[in-house]
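Asker: Sequence lines, in order, name chains A and B.
Numbers 1 to 71, taken from full-length UniProt numbering, label the letters of the first sequence in order.
Numbers 1 to 249, taken from full-length UniProt numbering, label the letters of the second sequence in order.
It cannot be assumed that every hint is accurate.
Among the chain B residues that face chain A by a calculated CB cut under 7 Å, a handful are [as the list claims (entries may be wrong)]:
{"id": "1", "residue": "W39"}
{"id": "2", "residue": "I56"}
{"id": "3", "residue": "P117"}
{"id": "4", "residue": "W119"}
{"id": "5", "residue": "G147"}
Quick look at which bits of chain A chain B covers, simulated, 3 or more residues with Cβ under 8 Å [unchecked claim]:
{"id": "6", "region": "1-11"}
{"id": "7", "region": "15-27"}
{"id": "8", "region": "33-43"}
{"id": "9", "region": "48-54"}
If you're looking for bench data, these hints aren't it; they were derived computationally from the structure.
All residues carry an ideal CB built from backbone N, CA and C; glycine is no exception.
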Amino acid sequence: MAFDSLTDFWAMNGYAAYVWPAFIVVLGALVAFALVSVIEQRRLLRHVSALERREARRPGRSATATVEETS
Amino acid sequence: MWPIIHKLGSPKWFYTMSGRWLPFLWGIGAILITIGSLWGLAFAPADYQQGDSFRILYVHVPAAILAQSCFAMMALCSVIFLVWRIKLADMAAGAAAPFGAAMTFSALFSGAIWGVPTWGTWWVWDARLTSMLLLLFIYLGIMALRGAFASRDGGARAAAILTLVGVINLPIIKYSVVWWNTLHQGATFSLTEKPAMPASMWLPLLLMVIGFYLIFAAVTVARTRNEIIRRQPSARWVRALAQGERNGL
């Protein structure tokens, strides 16, 4: 380790106020994109299922609507 | 040639194939970034001039590289969409844009923070910083333009054309530190020269850059898959997919 103690590591030898925010914002952006895209996929597939169920109740009407239009 | 392009452009084929790769892109990307971060933050030696503030490099440089690579990828997709009318290319370009904007912002933000202890200022209107700010505005412009059209195809074409115009900015960013006097230092990595840093400093950076590329690929693929479902929720194979998901959960 490049630091003498864990306290020095958290303090980044005086640069904590610069190093940690930079890491949190940049890595946080990656995590946010990962979470949002996975949650979005689940939401979309639920929508498709709901669309199908609605059509099953009203036979004869074939839906060409997209998810945006029905949500 | 044509059957291959047709197959690659098929949303169903893309959805099936990418589903197999996606877990590896997420997993290996996350592992590389975790190792790279720990290594860069705790184990790489401090810089002899900048002390521990130099560790910002490990997020700043990958973000800046991805900001530009993402734009290059969008430009390639725009050409494929405009020339061969392959909708999947347009979906991929649209899926990548917000990530590129986020990486551009990340590079600007981490650079501004880094500038305070090292340059004594968080912003200067020099060529590198200004051309990166311009890149952020171009990303935001592309995203806004896509949504501003009543027809999806009109928005897609306008976004593709603006992307191709914006490509001019990429060489300006790259050579800005060479063409103009600037506070910003030159390239950290080069394909042709040996790094100016010791291996204990550049190896974690290399892991971070590869990790960021993998996460970029994963985000773009995942968002493209979402767009496929959004555009054709009535397709039979999408229905089957939703049903499988419901039974699986």
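Asker: Hint by hint, say whether it matches the structure.
Answerer: Now for the hints, and whether the structure bears them out:
Nearest Cβ of chain A to the Cβ of W39 of chain B: about 10 Å, over the 7 Å cut. The hint is violated. Annotation: I56 of chain B was flagged as interfacial toward chain A, and the flag holds, the nearest CB pair being 5 Å apart, inside 7 Å. Hint status for P117 of chain B relative to chain A: holds, with the closest Cβ pair at about 6 Å, below 7 Å. Of the supplied interface hints, the one on W119 of chain B is violated, with its beta-carbon coming no nearer than about 12 Å to a beta-carbon of chain A, more than 7 Å.
Hint status for G147 of chain B: violated, given a least beta-carbon distance of 11 Å to chain A, over 7 Å. Chain B is given as covering the region 1-11 of chain A, and this holds because 4 residues of the stretch bring a CB closer than 8 Å to a CB of that chain, at least three being needed. With a threshold of 8 Å between beta carbons, the proposed coverage of the region 15-27 of chain A by chain B holds, since 9 of its residues qualify and at least three are required. Coverage of the region 33-43 of chain A by chain B holds. Counting CB-CB distances below 8 Å, 7 residues qualify, and the rule asks for three or more.
Residue count for the region 48-54 of chain A with a Cβ under 8 Å from a Cβ of chain B: 4. That meets the three needed, and the coverage hint holds.
Hints 1, 4 and 5, counting from the list given before, are not met by this structure.
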